[in-house]
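Participant: Build out the structure end to end from the sequences listed, making use of the hints.
Protein chains: 2
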Amino acid sequence: MTTTVLLVDDHPVVRSGLRAVIEAGDALQVVGEAATGEEAITLAGHLRPDVVLCDLRLGSGIDGIRTTVALRALDPAPAVLILTTFDRDAEVLGAIEAGAAGYLLKDVDPEVIVQGIRRAATGDMVLAPDLATRVLKGMRSPLPKLTDREIEVLRHLARGATNKEIARTLFVTEATVKSHLAHIFTKLDVDSRSRAIHVAQETGLI
Amino acid sequence: MTTTVLLVDDHPVVRSGLRAVIEAGDALQVVGEAATGEEAITLAGHLRPDVVLCDLRLGSGIDGIRTTVALRALDPAPAVLILTTFDRDAEVLGAIEAGAAGYLLKDVDPEVIVQGIRRAATGDMVLAPDLATRVLKGMRSPLPKLTDREIEVLRHLARGATNKEIARTLFVTEATVKSHLAHIFTKLDVDSRSRAIHVAQETGLI
DNA sequence: AGCGGTATCAGCCATTTGGCTGATATCTGA
DNA sequence: TCAGATATCAGCCAAATGGCTGATACCGCT
Numbered sequence: 150m151t152t153t154v155l156l157v158d159d160h161p162v163v164r165s166g167l168r169a170v171i172e173a174g175d176a177l178q179v180v181g182e183a184a185t186g187e188e189a190i191t192l193a194g195h196l197r198p199d200v201v202l203c204d205l206r207l208g209s210g211i212d213g214i215r216t217t218v219a220l221r222a223l224d225p226a227p228a229v230l231i232l233t234t235f236d237r238d239a240e241v242l243g244a245i246e247a248g249a250a251g252y253l254l255k256d257v258d259p260e261v262i263v264q265g266i267r268r269a270a271t272g273d274m275v276l277a278p279d280l281a282t283r284v285l286k287g288m289r290s291p292l293p294k295l296t297d298r299e300i301e302v303l304r305h306l307a308r309g310a311t312n313k314e315i316a317r318t319l320f321v322t323e324a325t326v327k328s329h330l331a332h333i334f335t336k337l338d339v340d341s342r343s344r345a346i347h348v349a350q351e352t353g354l355i
Numbered sequence: 150m151t152t153t154v155l156l157v158d159d160h161p162v163v164r165s166g167l168r169a170v171i172e173a174g175d176a177l178q179v180v181g182e183a184a185t186g187e188e189a190i191t192l193a194g195h196l197r198p199d200v201v202l203c204d205l206r207l208g209s210g211i212d213g214i215r216t217t218v219a220l221r222a223l224d225p226a227p228a229v230l231i232l233t234t235f236d237r238d239a240e241v242l243g244a245i246e247a248g249a250a251g252y253l254l255k256d257v258d259p260e261v262i263v264q265g266i267r268r269a270a271t272g273d274m275v276l277a278p279d280l281a282t283r284v285l286k287g288m289r290s291p292l293p294k295l296t297d298r299e300i301e302v303l304r305h306l307a308r309g310a311t312n313k314e315i316a317r318t319l320f321v322t323e324a325t326v327k328s329h330l331a332h333i334f335t336k337l338d339v340d341s342r343s344r345a346i347h348v349a350q351e352t353g354l355i
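As you go down the protein sequences, you meet chains A and B in turn.
Counting from 150, one number per residue, gives the positions in the first sequence under this note's numbering.
Counting from 150, one number per residue, gives the positions in the second sequence under this note's numbering.
Derived from the structure by calculation, the hints contain no laboratory data.
Check each hint, because a few of them may be wrong.
Any copy will do: because identical chains look the same in the list, a pair fits if it lies in one copy or spans two.
Claimed, not checked - Each computed DSS-like pair below joins lysine-lysine, with the alpha-carbon atoms no more than 30 Å apart:
#1 Lys-255 - Lys-327
#2 Lys-336 - Lys-294
#3 Lys-313 - Lys-336
#4 Lys-255 - Lys-313
#5 Lys-327 - Lys-294
#6 Lys-327 - Lys-313
#7 Lys-294 - Lys-255
Facilitator: Structure below.
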């Protein structure tokens, strides 16, 4: 029997490409396309696809991880295969934690994608080879968990704000900002704001 | 007569999508695909396409701008249409300066891409609406021109290096690094390293 | 020969940042 | 109800950063 697939990507061109690649064989059938996470959730409810192939970055609206969580909450829940351009550590781990069946980079060959969908449909875990290692490494030394407030401060930091500016924006004192920063630095194992920004961007924390 | 197109993108999936979209009509014909800039230049020399549709980010190897320069140096020179996900100011301007016939974002509808190729083939300039404004603005207040050395320092900055570390890496004194930074700050109109990093990333300088 | 741009370096000084210790209040879950 | 996490704030101090002025040297261009 054919496996049904729902495509989720905000780029029409990519959707076309995926459709062409997936429908080249005859074991897979694309039953729908969505440009946003919201659309994907609605469509998946109606179409009940076996597999949802979902980009992580979905422009405006909810991202791929939140979409994954919502999709996995459906009954029956489709297998969610994340397909994206980047390989930010935090995002890979986040997607797996959210219940994704796997994670593929967009620069792989079409047949890898097709294979991935097949395996995801049978309940297998699917990870791009170079990612598998890092995910396992990530398991051993898990990414630091920042609190919401810390992430908030981190975002301001990344925009180049000074402590004073962050304090004003968040309606707290500079002492508080410094306190948050101290925690952030410890968790990220850095000792300067620039490096904190760098690490945060590298790992996909922001 | 049909317009011939060469696709350049490091993602097979995107190439498939573009091919599907472009060949849906009958006025355009995809005569080749390249995954890298080098490949694109070689292929364009042989295939002599009317238009080259080129991604800016091409993974490893030369980027879209360098590819554009090389393509425009061919005889006959194809029209180069840049198609990318991001809209970094420096890159847009860089592509235009390099001789690109236009710049489209990947999230536009297929027909816009087809239209863009048609117009590029006739020598028209093609710019996504929201980009046109910014390009013109960019003309008025051109992006600051940093020297090679300053860009180098900026890269280290973005990786979170301290002045001392940058000095060591570049085999100069801290005073020199501070001097470069002072110039960078002036040119970018900022007053802190974090903001310099932010501006540099925003505008695509690094 | 001189000018402008670039890269190098120096010293001074005010501000910002980061490390440290410690305190209070709230909330959550065991 | 008590431990732990979180968010808030304070003070002290050393180091890093950034603004300033000015100097030397090299290079390319006129």
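Participant: Run every hint past the structure and note whether it holds.
Facilitator: Here is how each hint holds up against the structure:
1. Within a single copy, Lys-255 and Lys-327 get their C-alpha atoms no closer than 40 Å, and across copies no closer than 41 Å, so neither meets the 30 Å cut-off.
2. Taking identical chains as interchangeable, the C-alpha atoms of Lys-336 and Lys-294 lie at most 30 Å apart only when both belong to the same chain, with a minimum of 8 Å there against 37 Å between chains.
3. Proximity of Lys-313 to Lys-336 under the C-alpha cut-off of 30 Å is found in both arrangements, the shortest distances being 22 Å within a copy and 24 Å between copies.
4. When the C-alpha separation of Lys-255 and Lys-313 is checked against a cutoff of 30 Å, the pair qualifies neither within a copy, at 41 Å, nor between copies, at 39 Å.
5. For the identical chains of this complex, Lys-327 and Lys-294 are intra-copy neighbours only, at 18 Å inside a copy versus 35 Å across copies, given an alpha-carbon limit of 30 Å.
6. In this homomeric assembly, Lys-327 and Lys-313 come within 30 Å of each other (Cα to Cα) both inside a single copy, at 10 Å, and across copies, at 23 Å.
7. With identical chains, the CA atoms of Lys-294 and Lys-255 are at most 30 Å apart within one copy only, with a shortest distance of 27 Å there and 34 Å across copies.
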